[in-house]
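Protein sequence lines correspond, in order, to chains A and B. FYI, the numbering for the first sequence is 159 to 449, going by the numbering used here. FYI, the numbering for the second sequence is -12 to 944, going by the numbering used here.
Everything labelled a hint here was simulated from the structure, so no lab data went into it. One thing to keep in mind: the hints can contain errors.
As the list claims (entries may be wrong) - 27 Å max Cα-Cα, derived DSSO-like pairs, lysine-lysine:
1) K411(B) with K221(A)
2) K899(B) with K444(A)
3) K441(A) with K(-8)(B)
4) K5(B) with K221(A)
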Amino acid sequence: MATVKVSEAEKVYILHGIRDDLRVDGRGCEDYRHVEIETDVVSNTDGSAKVTLGYTAVLVGIKADIGKPKPMVPNEGYLEFFVDCSANATPEFEGRGGEELGTELSNTLYKVFNNKHSVDLKSLCISAGEHCWVLYVDVLLLQCDGNLYDAISIAIKAALFNTKIPRVHISADEEGGKEIELSDDPYDCMRLDVENVPCIVTLCKVGHRHVVDVTLQEKACSVASLIISVTHKGTITCTRKVGGGSLDPESIFEMTEAGKRVGKALHAPLMALLQQEESLGKKRQKVGFLG
Amino acid sequence: MLKSKTFVKKTRSGGVMKIVREHYLRDDIWCGSEACTECKQESTELLKDACIESNLCSFPHYLVPDTNVVLHQIDVLEDPVIRNVIILQTVLQEVRHRSAPVYKRLKDIIHEKEKHFYTFTNEHHRDTFIEREPGETANDRNDRAIRVAAKWYSQHLKKFEADTDGLCVVLLTNDQGNKQKAEESGLLVYRFEEYIKSLIANPELVDRLALSNNDKNEITSSKVLFPEHLPLSRIQSGIKSGSFLQGTFRASRDNYLEATVFVQGEGEDSTEVLIQGLQNLNRAVHQDVVAVQLLPRNQWVAPSSVVLQDEGAAKDDAVEEGEEEKALKISAAEAARKPTGKVVGVIKRNWRPFCGMLNISQIKESTRHLFTPADRRIPRIRIETRQASTLAGQRIMVAIDGWPKSSRYPNGHFVRSLGGAGEKDTEQEVLLLEHDVPHQAFSQAVLSFLPKMPWAITPEDMAKREDLRHLTVCSVDPPGCTDIDDALHCRELENGNLEVGVHIADVTHFIRPGNALDKEAANRGTTVYLCGKRIDMVPELLSSNLCSLRSNVERLAFSCIWEMNQKAEILKTRFTKSVINSKASLTYAEAQMRIDDVTKNDETTKSLRGLNKLAKILKRGRIEKGALTLSSLEVRFHIDSETHDPIDLQTKELMETNSMVEEFMLLANISVAQKIYDEFPECAMLRKHPAPPPSNYDILLKAAKSKDVEIHTDSAKALADSLDVAKVDGFPYFNTLLRILATRCMMQAVYFCSGMDSDFHHYGLASPIYTHFTSPIRRYADIIVHRLLAVAIGADSTYPDLMDKHKHTDKHKQSALSNNLNYRHKMSQYAQRASVAFHTQLFFKNRGILNEEGFVLFVRKNAIIVLIPKFGLEGTVFFDSKDKTGPNLVFDEEGPTLSVEQHAFHIFDKVKVTISLDASNIQHQKIRMALIDPVIPGVSVPAPDVEPLAKKPKIDS
């Protein structure tokens, strides 16, 4: 993970600020930085989104492909995750430097998103036991300025919202052999229900308090953080502790409660924003990467 | 401005791929009109005064046809009257997607300067590009694109209204919905028929209109005659599951109610399915790719041996059908049943314009007539024309538009007239078209690859080649030959051995791989020799000049040089590119005279004698190995130099020199075949001649047995030996007849790619390996062989296609190429035969009735086939006729003999016949033979008085 070196004096300054609910950039403990979202940014994916959170920037592209369902769940499709830590983000990722982080991130993403409670996997099934849609979720880190999990989860939710899967129908011949047929209308496609897709809220224990959306400096002052994925109803679907330090049960409880609160508050404006963008249709001004 | 086009595609592995194409819009696409002063175009296609006499639009106008109009009415668009047409890119792309032949024709029209067709790239024009809307089908989108472009034009042209007499655009579409929408948006729009009918000055165009769907309904009764064709999806799933078979439909030549479907199986395993009866044939036309369903085994039938022709006037659909099919049923009771099926759907129509003639309808005012194609396998076609009286007696071309299930005949339209039937030029055109021989003049693109004249051998060429100009090389060919592709030399070496060289024109020096010239030659495959006409494979500059090894000029050659001892054993073989200077181009007769003339002792003659001597030894050796000497009668016409009518014909004479040249060509071919196979075992172009299956010899064995002669067919050697000893006293012609029969038993020799096959044997020549190397001017296979050999000896560079040979059949280039060459070769032979047959008819037309002696070659159920050696002519003497009850016929298959009343005919019987030209059917004029001797009452005819040339008909002046 990208790190910055923070001097002792700086650390004290940050710690004391957080104790008084005032962070270096003026935010309170449960405030996010400025978030920007744009969907449909990569034309040759089926769904894509770009999210910037402070200076953290991630790009998520989703490709839908036809595959075979897993034998255990023959009537469900599944998701595959790959996180690419571009050396653009930080020089540490050069070569194979980002691999470990990438694996760690994608493992968490599997846990959070690849289950039928988060995404309606049944709708991805084409014919039970034979064909299903596999969504390849590719995450590209463009810039790292802390709080990667949250940024990635928002981007994934936005990209899933944006995903248009071509509609297929199965034509069966007399012998029961099945043939997949594609509609020739590019507008004829299926959308995913993203209502239950959770967002990740990372809470960082700094001193005796915990903060959300840490910057790299704040992160350097923390020893442990808790990753909580929360749905729009405030249901927690997954928690994970990262970092070397320990957390006492009481603060875990506190952090979970805070995560629920923050997560719930995050979903509503996100969905509103996505729907608003969608409603613009072709009139939408595209920003892209140079805007 | 950048847009992107997105579409989803299924990949071969079953996945789905989203494909995004970038699409750039421009503002520098000009309108192409002469009237326009705004566009900064360099040249214009569309004329300012685009006037055509139409009573719908009296003002100048440009036409904008939509896709379906172009696809179906290309015949009309090709007419020189139709000019100033805007072809939108949308239309062009759709046409290209839907029909390659129409696309090619459209491209040709666009390239023609006088037609003033302009392609407007509306898809890239900033103002005319449109994106597909949600819920819009691809076709609707294209229709809209066409309307938008037409609208743009009309607004664009309006700006110059002042000085153009109201020039505007007219959209032509047959789509009702499209037309309505266009009218709503204020465009001038007509249905194509409507517009063409309004062209008062050119009523003949109406005939060429293809029938659109609405018209087809009017023309036929509503009664459904044929079962519906299944939709393609059902057919495909049926084929996959094995309940249907896919194959090529081959109509029978003799029986219009019968056809076979050739089903290509895995590898050698192909089957034929018999189809009988109109219902089962279900509107399939010869060469269509169809899906057939096998009938239950108890409904299987045997192919009938009756000859049935669809005759009579346009039967009003299925009146006499019961009767027609009765004739079939009788024979169906016999044994030897074959898998029988019915056509359930057509996968791909293979319709092309057909040559033929019109049967004028008996009803005078009728505009609907039946058209009888020259090819008997094609059903008659109903067309609509008002110029029937002019077209009667002409050969015309007609295209099929469709075959509704309620119509007895397919519907079509008139394409063009080829000229009067029976005229030589017309007939020649017909037989070239019918045999699919590409015979157009070479295009500019092809000619541009010819060397610039005057041409001379450059020092660079010289440096890379062996200088053999000092050798006494000469060529020996038939008289009048201008494409000399081989020359020979022979000289004694100091060590007493002989050096023999075969020098072949170096065509590959001029035809480089992959260019237009090469592609054209590869497509033509072979030069076609008709009587009095040659259809060249390569342009004349090469075939008759630069590549032709004429005497006393320096020519590039590819030489194959052997060192032989006096016993004609090869001691050394080498191949080299060379420069030669032929000392003499002789005819076979001239060469023979030189050899025989003991007083001549010049270098050339000595060389010829040496060659002749060696050739005799080689030939003996070959025959000992079992090479066959077969016989087929070839005739040559003496053609009148002015009228080009045949005035006499003679069978080809063979001289020693013929076989001398042949012997060395064979030797060269074999040596080259060995060399290229050694060098490129995977991709050598070879020629094989498979041994015929034993059953092929049945007729030969039976025939010989009837004369108490035994023929052994266990091997080529045995066959050759037994043919040599087969003689009957007092019947000198017997041996030749036997050899003619043996020829008919043989298989076709074919080109193939060595990596694709394991059996290389050439049966007829008794050679383990063979190829064609010696005639690159007239055969494309030789060009490939030249290139392979050149690479093998390091004289030329290779190129990817030459070595291309994947394991999958037909996909790879060389095998596909050899398939084309085999096809062209076969078709050129058919065309040659047809040309000879036509000239024979001309000859007999001029000669009146003749009485000749002939031999029975085959005995059939109701006829004997007679060969007249004098003319090399084969004809059929029928013993039954349609109208009256025939004589008592008894056919014995064992003999085979045919007893007519009291007389029994055997193979090889000598008969006397009278020959006349039967011109009652002008389309299929044929030689009619009638029996004179032996005299059988009621069957034979009295010998007519022969007055040769007495009533010589007027020759076409």
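Hint check results:
{"no.": "1", "hint": "K411(B) with K221(A)", "in the structure": "violated (67 Å)"}
{"no.": "2", "hint": "K899(B) with K444(A)", "in the structure": "violated (94 Å)"}
{"no.": "3", "hint": "K441(A) with K(-8)(B)", "in the structure": "holds (17 Å)"}
{"no.": "4", "hint": "K5(B) with K221(A)", "in the structure": "holds (9 Å)"}
Checked against the numbered hints above, the structure breaks hints 1 and 2 and satisfies the rest.
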